[in-house]
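K.L.:
Protein chains in written order, with this note's numbering: chain F, 1 to 642; chain H, 1 to 642.
Just to be clear, a hint being listed does not mean it is correct.
Note: identical chains are not told apart, hence a pair may lie in one copy or across any two.
[Said to hold, decoys possible] Simulated pairs of lysine to aspartate or glutamate, DMTMM-like, Cα-Cα distance not exceeding 25 Å: (1) 274 <-> 339; (2) 274 <-> 156; (3) 140 <-> 317; (4) 403 <-> 10; (5) 328 <-> 428; (6) 403 <-> 70; (7) 125 <-> 249; (8) 403 <-> 14.
Worth flagging that the hints you see were computed from the coordinates, not collected in a lab.
Please read all numbers here as calculations on a predicted model, not as lab measurements.
2 protein chains.
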Amino acid sequence: MSVPVIEAVEPVVDGGRFPAKATVGDSVAVRADVFAHGHELVRAFVRYRPSGARRWTLVPMVPLGNDRFEAEVVPEQIGLLEVEVLGEVDRLAGWRRDAARRAQVRFEPTDPAAGAALVQQAASKIPALRPVATALRKAKDAAGIEAALEALSEHDEEIASRPPDGDPVIFAQELAVQRELAACSAWYECFPRSTSPDPSRPGTLKDLEAHLSYVADLGFDVCYLPPVHPIGTTARKGPNNSSEAVPGDVGSPWAIGSPAGGHDAIAPELGTIKDFDKVVARARRLGLEIALDLAFQASPDHPWVHDHPEWFAHRSDGSIACAENPPKRYEDVYPLDFDTADGEGLYAALLGVVRFWMSHGVRVFRVDNPHTKPFAFWEWLIGEVHALDPGVIFLAEAFTRPKVMHRLAKLGFDQSYTYFTWRDNKWELADYLEELAHGPGSTYFRGNLWPNTPDILARSLQHGGRPAFVARLVLAACGSSNYGIYGPMFELLVDAPVAPGSEEYLNSEKYEVHHHDLSRTPLEEVLRRVNTARRLHPALRRNDSLRFHPVANDFLLCWSKHDDQTGDTVLCLVNLDPDWPQSGFVELDLAALGIKEGSFVVRDLLDDSTYVWNGSRNFVLLDPARNNAHVLVVERSLEAMT
Amino acid sequence: MSVPVIEAVEPVVDGGRFPAKATVGDSVAVRADVFAHGHELVRAFVRYRPSGARRWTLVPMVPLGNDRFEAEVVPEQIGLLEVEVLGEVDRLAGWRRDAARRAQVRFEPTDPAAGAALVQQAASKIPALRPVATALRKAKDAAGIEAALEALSEHDEEIASRPPDGDPVIFAQELAVQRELAACSAWYECFPRSTSPDPSRPGTLKDLEAHLSYVADLGFDVCYLPPVHPIGTTARKGPNNSSEAVPGDVGSPWAIGSPAGGHDAIAPELGTIKDFDKVVARARRLGLEIALDLAFQASPDHPWVHDHPEWFAHRSDGSIACAENPPKRYEDVYPLDFDTADGEGLYAALLGVVRFWMSHGVRVFRVDNPHTKPFAFWEWLIGEVHALDPGVIFLAEAFTRPKVMHRLAKLGFDQSYTYFTWRDNKWELADYLEELAHGPGSTYFRGNLWPNTPDILARSLQHGGRPAFVARLVLAACGSSNYGIYGPMFELLVDAPVAPGSEEYLNSEKYEVHHHDLSRTPLEEVLRRVNTARRLHPALRRNDSLRFHPVANDFLLCWSKHDDQTGDTVLCLVNLDPDWPQSGFVELDLAALGIKEGSFVVRDLLDDSTYVWNGSRNFVLLDPARNNAHVLVVERSLEAMT
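Chain F on its own, in the form it takes in the complex (with noise of 0.2 Å):
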């Protein structure tokens, strides 16, 4: 019997090694080829369940020319969704298409025996086909078989939509589905310790409590903690990672472990793990999620470190190494060895951490230098914790070679920082830009967009003052479906280096505690604008319908996002040059962006400021003493101008 062939399905990871992406309610486009040698017609079916279910949803594909077929698969839950390509030759199509074909040029008439069984078959789905069958069965002669073939034809509707006939050829797969938070997400980092109001002493997680509201006010979606454990206090970094540490220095939160716990305590200094659960349950009612810090490693204090020497790789004199990447050397911090004999132990204890703090309501982890710890632990890892809970989401603190990090995103993480950070150039950026979203990882790599971190001031910050921080905010934001800021740095425009030169901050909250005062930030507004903006507008949730737009001027970066289903277009607008004004024509390509000829009302969602634009070449000026960038939203006719 005739079987088709199924090829080139897209979307699909590695041949299917690893699961592709998709989020719970945003449609997927499951597309492949689909044929069978010769003359033979074909029907193609999606069909998809979530993993373990008995039930399949079934969807009859369409064919899009040249033996492409697609359906839209729209997932409802998160988890595995298994997804199937199912191919079979469609012999009742065949036959009626050759019968057809045969009356039209008067050649004797079709055996009608062979299309009655056919019929008949397709009867056991559609009763109503019985008769045709019977009719065909009997047919005489051409008349007959053309009443029937007209009697089908009633049924076009039906017959097409039957599941397949017989034992189709099928090629499986599976989706990854996640919550929309995955693909849509502002994060907000920020030291609890620095949170205090009062500047004689240190925040805790209460101070953090109270301050969850700022970070929800401000429109950010998550709210990222470092470490939260026992510091150590062996080799403990002073100010500006200084080697040498004295009493009353804070430590690295990074060196985790001391005789009060390790992973799953809580510092003392900032609280308990009550203090913890408030926090957790206050940002829950402000919208918030806290998204804690995984850094897999220890510090020479950490218990693991009495209680499990074996996890740790030891010289040949017994002792341990600290972690270093020469010349940089981090005395307090041990790392795990993954080599280790009792990988059970270590692969356990580490799975453990995670449980803990799910059980405490954290759902959302930054995990630190994924790279280096072993590709297969992440895998087993994060598939033990979908397995509880699919809706965890991890973040890949991988800033490492580029293969390293697609191998990290196809084997499980649901986000990855970037090199957004050192794309400074209009065309870097939206070479950039345009391979995130529509390069061949973007269907299973999300990138989340820093333009700062506690390691990092970006050189694109350290000179332009508040243009630079609103240009790297609005490339971020709008850029991006996910981004981040490390605060109050960010929006207090904090710029100075620890050296010329360097990407470290000068007294960094790494090793110090920090007073801020946050009653009026110059970034307040913006950033609550650019977070309502992303939270009221489809197009800037999603990265597939990412697009640049001409400007000639090499400082000025246009480009729009679009929601297919609202029809929400929104075009941003950036000034590079955080020195001078900088203006030019853009050249949108109207028709991609579903707006018609003639004039529209563009709005600037950064300051209510409306343009009347007009025809696709339209004059901007971005003035780095004003807002350097425009977010527009653009409104289909004059009357929305009011």
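Following the hints, put chain H in place on chain F, whose structure we already have.
P.N.:
Chain H alone, transformed into the frame defined by chain F:
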């Protein structure tokens, strides 16, 4: 233990489901991403062996940057070649790097014991390293370690090329290696019954035998014969495909089978199997190969119809339906029913046909309409044949949809007919030749370009006379390493269709015997020169270097081919206007062609004229009154002019 991952291996077809193609002696660049987590260094290898052989050839891969590695594989024999990419963490290199970096930044020295163990391991393959291992084991201080590192560096080359230390990660696949003829061939198709020198009688195999020297003299590699089997008389077709044959009409050679025999018989009017053997022997002496036509169908008089009625589909009235594609009807042909209950018997019979002709020295088959038979059948048949003789070459006459043509190529057809016959405009031709040379199918799909066939008198040939024939010849023969013509219709410039707008020849040789005067044909010299150029110029024997160059004239097409190993460069120019001279400036990318700035000489292989060109921009003029094309070999210096 850390293991690397292997990704993005190329060439790979459909994730390894099908082998990519290669030819004996022509190197294949195997590339892969090989990397491990963190700062681990990796080593990558390719190893290969003929399928079933015991010993591997191991080649270290060279890093290309960005975690990509490459190695050249040079297949030495035809047949399947097992090719594996191997990756392992290079712990010795990692230790050496760390030790050197620590020394450089004056950290206390690395633990030498770990290094000693790794050197000891390498010493099992490089005995000269044994004293270094001992020295390291005994090293007490930085100086001792540094001395050992230096001693190691004296063995860098051996260390780099040593086989894997342990059990590497393996990505396995296969290459299908063919003889060079699969990748570079010039075909000449002719009807044996039209080779009679005596106008009073049809040609025979004896006449064909004599005629072969004509074909060989023109420089062709393959002489392809339409079916040579007994032709049925039932429903025989008359001239111009008329459905009423009269006595004396010879019938279509594709209506195979009569009481005189089927697919393994010679038509009595052509001669005997002994005559056929002489044809093959004579061809071999002339450096030609005989290609037969595999048309798996039967005339109503074929012995199979009587002996194996179950191999044909029957209507309910017991009759067998002839082949048809309404409104076309092939009353003289019954299709085989590949869904027959006796699939085993039918498959064996068809394989038997191929084996029979193989036993008579045929190693090249042109397969008629392979796309109307199941893919699985061809995959099986070609596999069986290649198991007996991997040097048998199959050309797919699949004029059908692109995905179907590609599937046939993937599953084993060595060459395929193409859409070239219908590509007329400059952009169409450039696009299509680019796709064939560099498209994703280029690892498995070898296009064979035919300006005409007995079924297709291309539109481009019907109104342009000799200039059009020359243009189409140069496009096919120099645009592709595989091409063919249907002669002597081609060299006689036959251009009359059976009806206006038709692509069928008037008085087609498919239904009549022709007599040709080949004493001096209008294309004889051009054909001989083009084929000689193809024999002598390695650049023309491959497609992977094909490159188009801009000419600001829509009738002028310019491309180059280049052979890296010999430095051979050929520039081709074709005037697509058969009526008027066309001129313009060619813009060459000299650097890409390996041509130095300044003057250079190009010699036209079609007429030995020479031109001095200067720099990248040169004037060309092609006149239909002379040859309508240039095939220019680039000679590097003015001295070469003489």
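K.L.:
Please go over all the hints and tell whether each is borne out by the structure.
P.N.:
Hints, verified against the model:
1. 274 <-> 339: neither (36 Å within a copy, 72 Å between copies)
2. 274 <-> 156: neither (64 Å within a copy, 59 Å between copies)
3. 140 <-> 317: For residue 140 and residue 317, the Cα distance is within 25 Å only across copies (12 Å; inside one copy 98 Å).
4. 403 <-> 10: Both ways: residue 403 and residue 10 sit 21 Å apart in one copy and 16 Å across, limit 25 Å.
5. 328 <-> 428: Cα proximity of residue 328 and residue 428: none, with 29 Å in one copy and 58 Å across.
6. 403 <-> 70: Cα proximity of residue 403 and residue 70: across copies only (16 Å, versus 30 Å in one copy).
7. 125 <-> 249: neither (76 Å within a copy, 53 Å between copies)
8. 403 <-> 14: both (13 Å within a copy, 21 Å between copies)
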